[in-house]
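> These are the residues of each chain, in order.
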Amino acid sequence: MSTPLLEAQGVRFSYDGRTPVLPGTDFALREGDFVGLIGPNGAGKSTLLHVLSGWLRPSAGKVRLAGRPLRDYTARDLALHIAVVLQREEHTFAFNVLDLVLMGRFAHGAGTLGFESEADRGIALEALAQVGLEGFENRRASELSGGEYQRLAIARALAQQSPILLLDEPTASLDLAHQRHLYSLLDRLNREEGRTILVVSHDINAAAAWCRELALLQCGEVVRRGGPRELLRPEVLEEAYGVPVAVGELEGGQPLVAVRR
Amino acid sequence: MSSPTPDRSQARRTALWWALLAVAWLLVLGLAPLAGAAEISLPRALGFGVPEGEFNPDAQILFHSRLPRVLFALVAGGLLALSGAVYQAILRNDLADPYVLGVSGGAGFGALLVLTLAPAAVVAFLLPAAAFAIAAAAVLLIYGMSRWRGPHTPPATFLLAGITLNLLFGAGILLTQYLSDPYQTFRMIRWLMGGVDVGSYRVVAFVAGVGGAASLVIVWRARHLDLLSLGEQTAHHLGVPVASTRRLALFGASLVAAVVVAYAGPIGFVGLIVPHLLRLVVGPDNRVLLVACLLGGGVFLALCDTLARTVLAPTELPVGVVTAFTGAPFFLWLLFRKV
Numbered sequence: 001m002s003t004p005l006l007e008a009q010g011v012r013f014s015y016d017g018r019t020p021v022l023p024g025t026d027f028a029l030r031e032g033d034f035v036g037l038i039g040p041n042g043a044g045k046s047t048l049l050h051v052l053s054g055w056l057r058p059s060a061g062k063v064r065l066a067g068r069p070l071r072d073y074t075a076r077d078l079a080l081h082i083a084v085v086l087q088r089e090e091h092t093f094a095f096n097v098l099d100l101v102l103m104g105r106f107a108h109g110a111g112t113l114g115f116e117s118e119a120d121r122g123i124a125l126e127a128l129a130q131v132g133l134e135g136f137e138n139r140r141a142s143e144l145s146g147g148e149y150q151r152l153a154i155a156r157a158l159a160q161q162s163p164i165l166l167l168d169e170p171t172a173s174l175d176l177a178h179q180r181h182l183y184s185l186l187d188r189l190n191r192e193e194g195r196t197i198l199v200v201s202h203d204i205n206a207a208a209a210w211c212r213e214l215a216l217l218q219c220g221e222v223v224r225r226g227g228p229r230e231l232l233r234p235e236v237l238e239e240a241y242g243v244p245v246a247v248g249e250l251e252g253g254q255p256l257v258a259v260r261r
Numbered sequence: 001m002s003s004p005t006p007d008r009s010q011a012r013r014t015a016l017w018w019a020l021l022a023v024a025w026l027l028v029l030g031l032a033p034l035a036g037a038a039e040i041s042l043p044r045a046l047g048f049g050v051p052e053g054e055f056n057p058d059a060q061i062l063f064h065s066r067l068p069r070v071l072f073a074l075v076a077g078g079l080l081a082l083s084g085a086v087y088q089a090i091l092r093n094d095l096a097d098p099y100v101l102g103v104s105g106g107a108g109f110g111a112l113l114v115l116t117l118a119p120a121a122v123v124a125f126l127l128p129a130a131a132f133a134i135a136a137a138a139v140l141l142i143y144g145m146s147r148w149r150g151p152h153t154p155p156a157t158f159l160l161a162g163i164t165l166n167l168l169f170g171a172g173i174l175l176t177q178y179l180s181d182p183y184q185t186f187r188m189i190r191w192l193m194g195g196v197d198v199g200s201y202r203v204v205a206f207v208a209g210v211g212g213a214a215s216l217v218i219v220w221r222a223r224h225l226d227l228l229s230l231g232e233q234t235a236h237h238l239g240v241p242v243a244s245t246r247r248l249a250l251f252g253a254s255l256v257a258a259v260v261v262a263y264a265g266p267i268g269f270v271g272l273i274v275p276h277l278l279r280l281v282v283g284p285d286n287r288v289l290l291v292a293c294l295l296g297g298g299v300f301l302a303l304c305d306t307l308a309r310t311v312l313a314p315t316e317l318p319v320g321v322v323t324a325f326t327g328a329p330f331f332l333w334l335l336f337r338k339v
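These protein sequence lines map, in sequence, to chains A and B.
Going by this note's numbering, the first sequence opens with residue 1, and the numbers climb by one from there.
Going by this note's numbering, the second sequence opens with residue 1, and the numbers climb by one from there.
A couple of the hints might just be wrong.
[Unchecked claim] Label-pair restraints from in silico Cβ distances:
#  : chain 1 : residue 1 : chain 2 : residue 2 : range
1  : A       : ARG71     : B       : TRP333    : 25 to 35 angstroms
2  : B       : ALA205    : A       : THR19     : 43 to 53 angstroms
3  : A       : GLY10     : B       : LEU174    : 28 to 38 angstroms
4  : A       : LEU113    : B       : ALA129    : 52 to 62 angstroms
5  : B       : ALA156    : A       : GLY61     : 12 to 22 angstroms
6  : A       : ARG139    : B       : ALA205    : 41 to 51 angstroms
7  : B       : PRO119    : A       : TYR15     : 48 to 58 angstroms
8  : B       : GLY144    : A       : ARG139    : 34 to 44 angstroms
9  : B       : PRO43     : A       : ARG139    : 47 to 57 angstroms
10 : A       : ARG139    : B       : LEU334    : 42 to 52 angstroms
[Unchecked claim] Output of the computed footprint for chain B on chain A, the stretches with three or more beta carbons under 8 angstroms from beta carbons of chain B:
#  : segment
11 : 78-86
12 : 108-121
13 : 173-181
These aren't lab readings, by the way, just hints derived from the structure by calculation.
Beta carbons are placed, not taken as given, at the ideal position from N, Cα and C, and that holds for glycine.
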């Protein structure tokens, strides 16, 4: 067994200092993992992602990246290792799409003094093409739909060229075609480039269709982790979500979860 | 499909805007001192046709009254616009201006305390010092409280804290005026209206030196500010050291604003509208915008001051009134225009 690439050990975190969202959580990503993190509202999925990404500091426990404590990394070093796609971001000023994707090159030292190079632009344009936003580069971000902006954020994360991708509900505002497009892109990045990917998602079926593994978070603890078919059993989901659930299977073995009326 | 702008054209476009603004800056510096209540002749002011050793009133007016004033307006306006642009980026709010964290209220209260309490002989020296000190204290207080609250204070909290402090100082200002005699009150009101008639090259050099150094540090991190305008967390994930960048930008912009206000009083609207106007022209990229603000803000304030000196000559209007009368309608247009 290789050592984990990104690892949380006994991590405690609380927003108000009293009720812990993460009560002492263990979670690890090994190189090449493609994990879907599922669980009910308030289970701590996004919080765990924020702790793993270095944004939130746990009050106890350790987070390590390649064996080194996360807090030993500068923001720039972290960005070179981990790219994060958040559910929301703000846009105060009218940057255009290419500007925003070029910001993904910041950690590589591009554009801090002077403008980005042709090479950086090439990387940004390729990232835009990968998420199906070619031709959008001169559009203003404020003109984009929610789904287009989400794809823009993903393109920027791709432009970071970091080996780890953490995505918080990346398909939340994507239509079916773009959901499939995004997951097949993640699948290819994982398969062909060996990138390590964690997706937080409420869409169990989409996560199950593409992720190699699912991890089920409940009250801040990873209660189960495994291949989609072994994890998605009715009794497991009924216990976690508290609703009657049926699990079927498509041809080829892709599991399909439905909530009973 | 539009083709992406190649790298070199972006640099060329930037150089063109900066050059245009620099030419405007130099034109204002050359021409604005010639306008004013008293007619002066440039050749005479430069000594042509004036016998050696004879008193030369034209030169006196040009070099000792108008030129330092225009120069100060060019410097102060640029610094206020830069400060406003930085606040708008880190607080992610279009309404942010250099005074938003209590700098104007603090400086005003400090100035009025000196006008009330200090003996006349030391007012000239003590007033800018006190205005600066209390303005800086206001910013430090807000920053300190944000640290006490936790690492991720939302920008709106900074804004509301600044508004609160400005209101508090405003009450202090009213109270000071209420307790003062009418002559003092007039001087206070005049100071609170703002003015760029600093009357000495030494003040110009000092403000330009301090403001310029702080500006340089900020302009160096222009790209950090671009990323910070997407929110602290996004900026962090893209590699920006958020806490240190925000601290540096906050203190840098406040230092710049406080040193200007200490000498010029709270001149409104320059730091609010110039960044917005220039963003429409050069775009939101702070690598282009901040330098454009340094030049364009100076041009705007110096033009307003020229208007203030000439419209009702020989009566002078307070420059703050002119910036408000020109700036307010423009800002309203900006807010309500069809996008």
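> Which numbered hints are broken by the structure, listed smallest first?
1, 2, 3, 4, 5, 10 and 13
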